[in-house]
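> If you want the building blocks of each chain, they are given just below.
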Amino acid sequence: MPIRETFWNIPHWAEIAQYIAALVTAIIFIAGITRRVLRWRKGRPEKRSGHFWKRIGALITQVFGQQRTLDEKFPGIMHFSIFWGMLVLAAGTALATIDWDVTHLFFGFQILKGGVYIAFELMLDVLGLLVVLGLGMAIYRRYIARPARLQNFPVKKLAGDDTYVLVMLAFITLSGYLTEGLRLAVTQPDWAPWSPVGNAIAALFLSLGDPTNQTLHLIIWGMHIATAFGVLISLPFTKLFHIFSVPLNIYFRSLEPAGALRAANMDGGMGVKEWTQFTWKQLLDFESCTRCGRCQDVCPAYASAQVLSPRNMMVKLDDHLWEKKPRALHGEVVSVDELWACTTCRACVQVCPAFIDHVTTFVDLRRHLVDQGKMDQMLQDALSNLGRYGNSFGQSDRMRAKWTMGLQPPVKDARREQVEYLWFVGDYASYNATLTDVTRKTAEVFHKLGLNFGILYESERNSGNDVRRVGEEGLFEMLVDKNSQVLSKCKFQAIVTTDPHSYNTLKNEYPANGNGRYPVLHYSELLDQLIAAGKLKFSKKLGYKVTYHDPCYLGRYNGVYDAPRRVIEATGCELVEMPRHRERGFCCGAGGGRIWMEEKEVKERPSESRIREAVALEGVQTFIVACPKDLTMFRDAVKTTGNEQRLEVKDLIDLVAEAL
Amino acid sequence: MSQDIFVVIEHLRGQVADVSYAMLAGARQLSKASGGEVVAVLLGHNAQGLASNLAADRVLYVDHPALAEFTSDAYQIVLAGLIQEHAPRAVLFGHSSIGMDLASSLSARLGIPVVNSCRTFTDDGKFVSQICGGKIMAEGNLPSPALATMIPGGYKAEEGQSAQTPPLTAVSAPALDNLRVAVKQYIEPDTSDVDISKEKMLVSIGRGIQNKDNIELANELADALGCAVSASRPVVDQGWLPTTRLVGKSGKHVKPKIYLALGISGAPEHVEGMGESEVIVAVNTDPNAPIFNIAKYGTTIDMFDLLPVLIEKVKQAK
Amino acid sequence: MKIAVPIKFVPDLVEELTIDPSGTALDTTWLRLIINELDDHAVEQAILLKERSGGEVTVLSAEADGVDDFLFTAAAKGADRLIKLTGDFSAADNHALGRAFADVIKELQPDLILTGVQAHNDLDGSVGPLLAEYLGLPYVGYVAGIALDGNKVVARKEYAGGLVAEVEVKLPAVLGIQAAEQPPRYVAYSKIRQVMGTAKIEERPVSNLESSGGVVVGRLFQPEVAERATMLEGSPEDVADKLVGLFKELGTL
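Protein chains in written order, with the working numbering: chain X, 1 to 660; chain U, 1 to 318; chain E, 1 to 253.
Derived from the structure by calculation, the hints contain no laboratory data.
Every residue gets a Cβ at the ideal spot worked out from N, C-alpha and C, and that includes glycine.
One should not assume that every hint holds.
[Unchecked claim] List of simulated lysine-lysine pairs, DSS-like, C-alpha gap at most 25 Å: (1) LYS248/E with LYS198/U; (2) LYS639/X with LYS212/U; (3) LYS242/E with LYS200/U; (4) LYS242/E with LYS255/U; (5) LYS242/E with LYS257/U; (6) LYS639/X with LYS242/E; (7) LYS324/X with LYS156/X; (8) LYS315/U with LYS296/U; (9) LYS535/X with LYS491/X; (10) LYS170/E with LYS257/U; (11) LYS255/U with LYS198/U; (12) LYS448/X with LYS535/X; (13) LYS242/E with LYS318/U; (14) LYS156/U with LYS296/U; (15) LYS50/E with LYS152/E; (16) LYS537/X with LYS441/X; (17) LYS2/E with LYS50/E; (18) LYS212/U with LYS603/X; (19) LYS170/E with LYS184/U; (20) LYS296/U with LYS198/U; (21) LYS318/U with LYS50/E; (22) LYS50/E with LYS374/X; (23) LYS184/U with LYS152/E; (24) LYS441/X with LYS650/X; (25) LYS248/E with LYS200/U; (26) LYS257/U with LYS374/X; (27) LYS248/E with LYS255/U; (28) LYS248/E with LYS315/U; (29) LYS315/U with LYS639/X; (30) LYS600/X with LYS296/U.
[What the hints assert, rightly or not] Anything over 10 Å on all C-beta distances counts as not near chain U; from chain E, calculated: (31) VAL104; (32) GLU107; (33) ASP111; (34) ASP124; (35) ALA199.
Excised from the complex, chain X in its bound form:
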């Protein structure tokens, strides 16, 4: 009967030696893990408990299912193969050891016998091939295809770390197969064909005969074991640690709305000056990065000027945690320029297979810069204006509603009369001279639809969304305070806004006030609701071929992808998607306060890259946006890329007004 004789051909002394080595390995392994855990514990506290089953569910889909990893085909399949192959091999080896040295030794009972054993052998033998496949793909990718995102690490020694992992895994697999093959070559059991790979290897060695093969087996077994222990010992000290850190990072990820930023640390100055002011979860983030570079590929800041790479940030921060002579976090570890380059578009967070939240860390680091007053003059002016006038334009608050002049009927003052919809207009739609036409058109559409709406006139302040993301938490709080005070005195059923940035913070960050929590609607959602309820009917089918740009703060931050698309389709337009759409939508470059900062040298502005993407779509002549800032950004980009004749940038409301 087929049975598993795990320590066949292994002298007793070697078996004992193996257990002694295992003990040493375990000690070093535990010490290494403890070292990591102790490091995390130096971070500030942060509550990430609760939602147990939801978190376990994510572990199943993301760790065992490798869902996000599989978003990209080649690297996805590559990692999936290695993950499952190694998992099965490791589990199999453990099982075989237990089977022989625990259950068999002490209880005279074996699981691995008969049919079970044959199935076991077959499974390990074949799944080992998965590892071979995955490693082959990995070696091809890293050393032959050499995609940019796997190159140029800011910490040079990491290239060695990557090689080390591949070599060790390759050696473990290879030596495992050889050990098996040699065992089969010597013992030649009847069930050998059930290990097709091992059997094939055995055939190669048959001619050497015994005792050569037996000796070879012992040597290679020894190397196999040594490598296995080597891998285990190095696990807490190398990239292999991601096997632990990533599942933990996925388990402990934030389940708060993506649009709700954590309040700033105020202990010892605002934000993060030294790494110990990060929360433990942020430290875990840094240690979870496997530098796969997916974030870098989708980062608009990286694409435009290569100043910021989210991957490099994580690598540098992780390295910093272990520095013997800690350098200054700002200036030495990360540069001021890279911190300001982030548009907070969240594309990196969206693609990270390790569920790292880069943006929160960048904002925390920015907060310290703001605390020190270190920022460019343009941003400084914008913040001063926001503090003084409540808008970044530095204009009088009395001019905020100037765009309403001459509108008939006049726009209601929501502070004086009850309205159904309180329209939070936002700075750009209110003050930017080139946008007020669209703002007026929006009001006209609202009037035509018979909506009972009003605005806050000069009492509205900037919502603070981007002020917060710039890192000026105190000013954000002040703006929230002022807006909340006015809102609490108004009677309305819902807030509507055309600005995704205001939408985000009003919806996710403003505290519920005296009126109770009110719904916050993006105008695309409101229009979509009205269409669904039959209250908005179009008289015309426009028949344009259009494409639609997902605003980051509407899409990735709040998951509103379908409402604007349904509105576009209801106007009788044909929607052609750009390659980067929905979750993969590409930022216009203005978010996170970037619109208030000086533009440093760029290769290609994100907005220009986006326009070129749209222009490449066959027959598309209209580029639809649903954000006032987008309108200015893309109108400019259409001009600077010389595509004025090819593509027209329109607001969603333009389509609606035209089709009414």
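Since chain X is already given, all that's left is putting chains U and E on it; use the hints.
Just chains U and E now, kept in the frame of chain X:
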């Protein structure tokens, strides 16, 4: 008290500042109301020659080695003595780095009222001052006696110049000991860059340019037009352009044929440096910007919409 | 080194200025006050000097809307003492302000007094030189850059045309600041709030404001519209065409 109008002549490095001539013209108008003479007050060392083209009825000249360079300390002592002795109806100073070091101090020292930023005087002895960044004018009776600082713009420099040398009376200086202020050295403006005061046309940018990168747009237009780019103070303070390109009170004074002001609000300090340009064209989104009060042509179109088109059209027109 | 910085609040030009029915003053209904920009530079320059050479910076202001916030902001930047003159300053001109500052500053006995070289609403002289005279100190205005040198300072005094004079001034002295060596820094709101909890504003009541030497305004008015530019209307293309025509006409193109 006499009815004479004193004008404190401002000069540096052997050159009379333009504002002095404008002041003489202003003084002339005031003297009509008072019936007194226009008296130029010249302080210096071996500087009599500077009086040659002053349109004054006479010149009081004080010579002293300590007056070789302007210092507030020595000037105040000398002027305080002269004013006390001659008791003029009014004393005019430039609203400038020199005049502003003197007028207020003398007001406090002598107990004579002082009026700032006078642009013009009226025939009946009123002052018209420009305040609040050029947005408000203040008018009132010029007290008697009075000190006043004058901004350029109300009178042309030529009106204060004369072909005839006015009679000069040398007055001896009081003791100038224990001075607390001394000029160590002058730092000349950088001359390696283009001299914007010699350009036929200037593309000038202000705060409205928003950031450093946009300066490229202005450069492009200037290149197409074959002229230079100049700027108002905020742009230079940011370090976006060298100080050699600064137009205004503390920068260069320019008089090009066309001064194209992009995103410049037109604060008096700036206007002082370019107000005498032949044709001022202002581009500013704020229809209330004071620049439109001195410009011949204006538009409220956003310069970022205008410039790309304008650059193209200028290139085509060449 | 003790540095005193008297500052002044002025109408914010961002708001539209209107003249009240009397015709001699600005309408205060919508008037919003703001720190005189050059005084803000003076505060920055004082802080820079303190950072460079140590010392104590005292910022002084007459009571007005928004002054407390500004003083706390100055403290957050590094000012050590905050003094607010209280009383009715509604009719106070620069002469009155200069005398009131002089009384307080006499007690402080600073080595150096920095203040903005002017404010846009100065009509009766400027605070700096008035104050200098009331204190019997030398005054140098239009300063952009200061080097300390024992009992003297070397000030970079700006003249028209870009000429700069290095002027040596014996201390104590008053300097009128045209620009600080770097633009006034930004202070995070959280820092200001923190300072509000710890810093104290010392109040000095001023009972009799003496404004002799000032000026009586007969009327205020806005510059005539007749002088205004001919406005070019139309699309950017239209305006560009008109401009090109003008450039050609004047021979610059």
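> A separate judgement is required for each hint: does it hold in the structure or not?
How the hints compare with the structure:
1. Between LYS248/E and LYS198/U the CA atoms are separated by roughly 19 Å; this keeps the pair inside 25 Å, and the hint holds.
2. Between LYS639/X and LYS212/U the alpha-carbon distance is near 19 Å, which keeps this suggested pair within the 25 Å criterion.
3. At most 25 Å may separate the alpha-carbon atoms for a hinted pair to count; LYS242/E and LYS200/U meet this at roughly 19 Å.
4. Proposed proximity of LYS242/E and LYS255/U is supported: the alpha carbons are some 22 Å apart, at most 25 Å.
5. Between LYS242/E and LYS257/U, the direct Cα distance comes to roughly 17 Å. Compliance with the 25 Å bound is thereby established for this hinted pair.
6. Taken as a hint, the LYS639/X and LYS242/E pair is honoured in the structure, with Cα atoms around 22 Å apart against an allowance of 25 Å.
7. Among the hinted pairs, LYS324/X with LYS156/X is consistent with the structure: their alpha-carbon atoms are about 17 Å apart, no more than 25 Å.
8. Note on LYS315/U and LYS296/U: the hinted pairing holds, with a Cα-Cα distance of about 24 Å set against a maximum of 25 Å.
9. A threshold of 25 Å between alpha carbons decides the hint, and for LYS535/X with LYS491/X the separation of about 23 Å falls inside it, so the pair holds.
10. Restraint check for LYS170/E and LYS257/U: the C-alpha separation of about 45 Å exceeds 25 Å, so the hint is violated.
11. Between LYS255/U and LYS198/U the CA atoms are separated by roughly 8 Å; this keeps the pair inside 25 Å, and the hint holds.
12. As the CA atoms of LYS448/X and LYS535/X are separated by approximately 11 Å, the hinted pair is consistent with the 25 Å bound.
13. The suggested pairing of LYS242/E with LYS318/U holds, with an alpha-carbon distance near 15 Å, which does not exceed 25 Å.
14. Between LYS156/U and LYS296/U, the direct Cα distance comes to roughly 18 Å. Compliance with the 25 Å bound is thereby established for this hinted pair.
15. Between LYS50/E and LYS152/E the CA atoms are separated by roughly 16 Å; this keeps the pair inside 25 Å, and the hint holds.
16. For the given pair, LYS537/X sits about 17 Å from LYS441/X by alpha-carbon distance, which is consistent with the 25 Å threshold.
17. Between LYS2/E and LYS50/E the CA atoms are separated by roughly 9 Å; this keeps the pair inside 25 Å, and the hint holds.
18. For a cut-off of 25 Å, the pair hint linking LYS212/U to LYS603/X stands: about 16 Å separates their Cα positions.
19. Proposed proximity of LYS170/E and LYS184/U is supported: the alpha carbons are some 13 Å apart, at most 25 Å.
20. Among the hinted pairs, LYS296/U with LYS198/U is consistent with the structure: their alpha-carbon atoms are about 21 Å apart, no more than 25 Å.
21. Between LYS318/U and LYS50/E the CA atoms are separated by roughly 56 Å; this puts the pair beyond 25 Å, and the hint is violated.
22. The straight-line distance between the Cα atoms of LYS50/E and LYS374/X is roughly 19 Å, inside the 25 Å bound, and the hint therefore holds.
23. This hinted pair checks out: LYS184/U and LYS152/E have alpha carbons roughly 12 Å apart, not beyond 25 Å.
24. Between LYS441/X and LYS650/X, the direct Cα distance comes to roughly 12 Å. Compliance with the 25 Å bound is thereby established for this hinted pair.
25. Taking the CA atoms of LYS248/E and LYS200/U, the gap is near 13 Å; set against the 25 Å cutoff, the hint holds.
26. With a C-alpha separation of about 42 Å, the suggested pairing of LYS257/U with LYS374/X is violated against the 25 Å cut-off.
27. Simply put, LYS248/E and LYS255/U have alpha-carbon atoms about 18 Å apart, close enough for the 25 Å limit, and the pair holds.
28. As the CA atoms of LYS248/E and LYS315/U are separated by approximately 12 Å, the hinted pair is consistent with the 25 Å bound.
29. Distance restraint check for LYS315/U and LYS639/X: the Cα-Cα separation of roughly 17 Å lies within the 25 Å cut-off, and the hinted pair is therefore satisfied.
30. Using a Cα cut-off of 25 Å, the hinted pair LYS600/X and LYS296/U is violated, with the two alpha carbons roughly 36 Å apart.
31. With a closest Cβ-Cβ approach of about 17 Å to chain U, VAL104/E is found to remain outside the 10 Å limit, as its non-interface label requires.
32. With a minimum CB-CB distance of about 19 Å to chain U, GLU107/E clears the 10 Å threshold, and the non-interface call stands.
33. In this structure ASP111/E is separated from chain U by more than 10 Å, as the shortest Cβ-Cβ distance comes to about 13 Å.
34. Against chain U, the non-interface label of ASP124/E is violated: not every CB pair exceeds 10 Å, the least being about 6 Å.
35. The beta carbon of ALA199/E sits about 29 Å from the closest Cβ of chain U, which is more than 10 Å, so the claim that it is off the interface holds.
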